[in-house]
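**Student:** For reference, the chains in residue letters:
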Amino acid sequence: MSKSAGFCQGCLHYVFDYETPKTLVIPNIRLGFAFRFTQFLVVLYVVGYVCVVQKAYQVTDSVISSVTTKVKGFALTNASDMDPRLWDVADYVIPPQGDHSVFVMTNMVVTPEQTQSRCAELPSPSTTCTDDCDCREGYSDPRGSGIQTGLCVNYSLTVQTCEVLSWCPLEIDTELPQAQLAAAENFTMLIKNSITYPMFKFYRRNILPHVNSSYLKRCKFSRATDPDCPIFRLKDIVSEAGEDFQDMAVKGGVLGIIIDWSCDLDWWAGKCYPKYSFRRLDNKHPDNNVAPGYNFRFAKYYKAPDGEETRTLIKAYGIRFDIIVFGTAGKFGIVPTIVNLGAALSFLSLVPVVSDWFMLTCTRKRDLYGKLKATYMAEDTVAEDVSDSSFSFIFKYTCIHSSLMEFSIDYQ
Amino acid sequence: MSKSAGFCQGCLHYVFDYETPKTLVIPNIRLGFAFRFTQFLVVLYVVGYVCVVQKAYQVTDSVISSVTTKVKGFALTNASDMDPRLWDVADYVIPPQGDHSVFVMTNMVVTPEQTQSRCAELPSPSTTCTDDCDCREGYSDPRGSGIQTGLCVNYSLTVQTCEVLSWCPLEIDTELPQAQLAAAENFTMLIKNSITYPMFKFYRRNILPHVNSSYLKRCKFSRATDPDCPIFRLKDIVSEAGEDFQDMAVKGGVLGIIIDWSCDLDWWAGKCYPKYSFRRLDNKHPDNNVAPGYNFRFAKYYKAPDGEETRTLIKAYGIRFDIIVFGTAGKFGIVPTIVNLGAALSFLSLVPVVSDWFMLTCTRKRDLYGKLKATYMAEDTVAEDVSDSSFSFIFKYTCIHSSLMEFSIDYQ
Amino acid sequence: MSKSAGFCQGCLHYVFDYETPKTLVIPNIRLGFAFRFTQFLVVLYVVGYVCVVQKAYQVTDSVISSVTTKVKGFALTNASDMDPRLWDVADYVIPPQGDHSVFVMTNMVVTPEQTQSRCAELPSPSTTCTDDCDCREGYSDPRGSGIQTGLCVNYSLTVQTCEVLSWCPLEIDTELPQAQLAAAENFTMLIKNSITYPMFKFYRRNILPHVNSSYLKRCKFSRATDPDCPIFRLKDIVSEAGEDFQDMAVKGGVLGIIIDWSCDLDWWAGKCYPKYSFRRLDNKHPDNNVAPGYNFRFAKYYKAPDGEETRTLIKAYGIRFDIIVFGTAGKFGIVPTIVNLGAALSFLSLVPVVSDWFMLTCTRKRDLYGKLKATYMAEDTVAEDVSDSSFSFIFKYTCIHSSLMEFSIDYQ
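Here the protein sequences line up with chains Y, Z and B, keeping their order.
FYI, the working numbering numbers position 373 of the first sequence as 373, with every residue one higher than the one before it.
FYI, the working numbering numbers position 351 of the second sequence as 351, with every residue one higher than the one before it.
FYI, the working numbering numbers position 224 of the third sequence as 224, with every residue one higher than the one before it.
To be clear, the hints were calculated from the coordinates, so they are not data collected in a lab.
Some clues are possibly wrong.
Stated by the list, open to error - Listed next, with one range per pair, are the computed distances between beta-carbon atoms:
#1 Y:L157 - Z:T130: 57 to 65 Å
#2 Z:Y49 - B:T337: 21 to 29 Å
#3 Z:P227 - B:I334: 44 to 52 Å
Idealized CB from N, CA, C, for every residue including glycine.
All chains, full assembly: derive it from the sequences and hints.
**Tutor:** This is how it looks when you write it as structure tokens:
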């Protein structure tokens, strides 16, 4: 046989010789029982907690959602300074389109007939004046209402303030004692929500298949009696969030309609329904609140017959409904299953370590077992050299800088 | 040597004695081959499926996206009851700003010259009346159009209905046979989308670097010929979603333009392009649909020379284009690699279990192998006590409540 | 003892006999040290990198966010062709509501007094004409401004163009040298952002608890001095994004205000604050840009006393501020901890493989160790049959198609 053939055969032996650990079998039922019991605990844990409770065998995907909303209802205002006026959806939903965020106006400060002109600034310590010298032409106070013209004019019979160039008359932003569109609590909102889990090609709507048209015409959402109805009475939503509608309507606020589409899409689970919950998203009574509530200003622009532009400025208070759709769907996936099984098997490999410790520590015949299990090599080993030079270096380095030398000597 | 020195030496032995399993080497090529083959299968699985197919070695991040859109085109309406009128982008895109959701009006019911006044309610079983007693002053029917005044007035020559305070004349919401802005099918929409994967500091736009200005001026998206063009003809989008534009334009609908930015950011993959797809998001022909299609009401407010406010109410039907950007980018990460390698290694530790079973069950010399591999402890073991008291308790408890006792006796 | 009892006892032995590997203990301190050192490296890696740096022991959840914004400030325009005009928030924020996307107009092209009528098209190679034959009645050029009437009319004294039916006069979309609302750089924006991590029932606002009302009334965000102030001066935001406000204001753009709520919610970490960053999201100077900057057209509709509708068309340039909230919160979770510990333990099971290799290759007494560790089975093994027939088939198949046969012979 040639030399290379011998080398090949060596390689073959190296690769294909089967090496299996020698074992010692101990027919001790208590030891065996302890071993199996520990194994059982690990398996129980893995199956029970990781698989059943946490569903770690699933791949997950996040929801993609599309929302349309439609508000219905009308309200009559009968303020002392205005004619009776009916408000319908085109009036109080701003902007008009029902997206995932809908604003319903509940209160307002209206300043009609504003034109670009000059008028006396609202009185405040920094705007009151006694003569023109107190006002600077062209100065614009960030807290003011316009650009100062440099004149000091009568605001009322007793107060003089600097004149400003602005949309006049200025808005007088008084405190509002109560909501003008109090009837908004009876408005209803229809929410249509379709969702997709793209990874699983799963589509669903919040109008469930078993819900029919005639039911939808008369139903109103109620957690107890109509949990599947997608039509919400505004007062009910606000109540569910733990707030009082009329309180909230005065200064406005942001209310989250949270739709949870968390689903288990495995066929043995098979159910995937939306769960609605409601939370106020802004802070009601904070110590550190600037601009409490929710409001914004908008204007309707008109043109007078003489071509002059006038506007009606409206500071709209109201409730913004944010429809927040979230959810994660899980479905059996081979990769997480393997990863989690792998982790579990690793724990099984810990069991013999525990059992061996138990055997060599807590059994009566521990010395006998120890002797049978482990063969102790009796000869001198410390004087030996390590042939790997880098390791040898590490050792020498360590020996010089530590007391390992003495250890080694003692170690004999 | 002192006692503590002896203790130390014991500890040293405990910590630094190297304990290695004794093994039995069996030069059986078939056994060796079976062993290596099983190992190979596991490695193949891990490399092939977990790494190549599922890319489990990657860390992933979700996309953050910003969208701007711009619609172009105009349409002429020539309805019998209106003058010919040209509609441009400022007229039919409501609200005007192109965000991730753009509404293009395709049909409408216009009710001009509405004022706050009194008029006869639209006839329906609940609103027809014969005299004033049938109408309740101040009553507001949620399905009606306003607040009843308590009078019964002529709606037409033959029908009397309750009078309401409302925006009059009331909207007559007739069925629309066809879309008035049918030409909207030729409108184009430019979508500019920039995305970020913050974890990887990766930025990209849907206008790809190799696309030049002159191409963008004339291109239209087409899956076959121009898949990178970010300008979409509305009819093409709707067709791609499997719908007919003119059908959808009559009652409106919601159409999802889904941009998938799923990317493999590893340098050896290196490609990251948007993939467009289109889906109708609302339900077309459902049994249980309330308010089918997509529409909303808005108003344009005017002021008459005498200061009275009038409005033109428009019930706008149209297609809302929701641009939904999603995606997950993956890049090699050390943590998932380790977790998944760990799981794989765990499976490798299963291989000897399988091989040993094969060796001790299926080979001819299984008895010989069994004898050489495992040393069976021959002496009496059951009478032995367990020194750990808690374990001892568990055993006693178990023994009393089960038939383990008998097992133990038989076991001899 | 009956036969079944004997079978049972066999089963009991099979299940409850405790099998433990026989080991060889080598009191070689260098070998032991190498073994422990390798173990230490693995543990260090796992603890140091996987746990401390990557926090792989945490379950994570994505943020759910609600944003409201409020812009303050006013600007005076004094263009030569218009009267001085003051712009306040109702004028320049379009649409008026402050959502997660706010548009602040900085520049504009205003075309007042448009009516539905006929006028000469803007001159361009395709619209200039010499007589009516050059114009097609009813033709609508996608790049034009309306529907051609078929007449050729004077655009100016020297140029004739086709007449179109459109909103006339047409918008003349000139290049704008500078922003008209240059003062917008001093506007401030208040951002109120509340977030939720639903999995952890964790709620927080970007107005932090330690911030009081009086501070909020005067503060402005500054990364150095006021990093917690939620009020942003527009110029500062744009500067932080590395842009010049006046440059950006001319043609508009999209600016991302990115709020990062990445949090470690474990009690020993306990801090969860928003981190603001700013980035321009559109492309500033690209080669392949269509419609650079950010603009859109909207109109204000008026009714003339004679009932004719007129509109003021505004091409609004400006900066859209997209408030992008993202973040992932992590909290100690038992499942990822187990998965990652499992992976780590798998690596520990690699250590003996490494140590054995070291022992059998690099130590002086490697032959002695090898002999003591592994028992080599000396007798003939190749001739043996495999009793499992499927395996046997595989082997025969392999033998025929490869040179394994020869290997087997050599192997002796």
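**Student:** Any hints this thing doesn't respect? Which numbers, in order?
**Tutor:** Hints that this structure does not satisfy do not exist here, as all of them hold.
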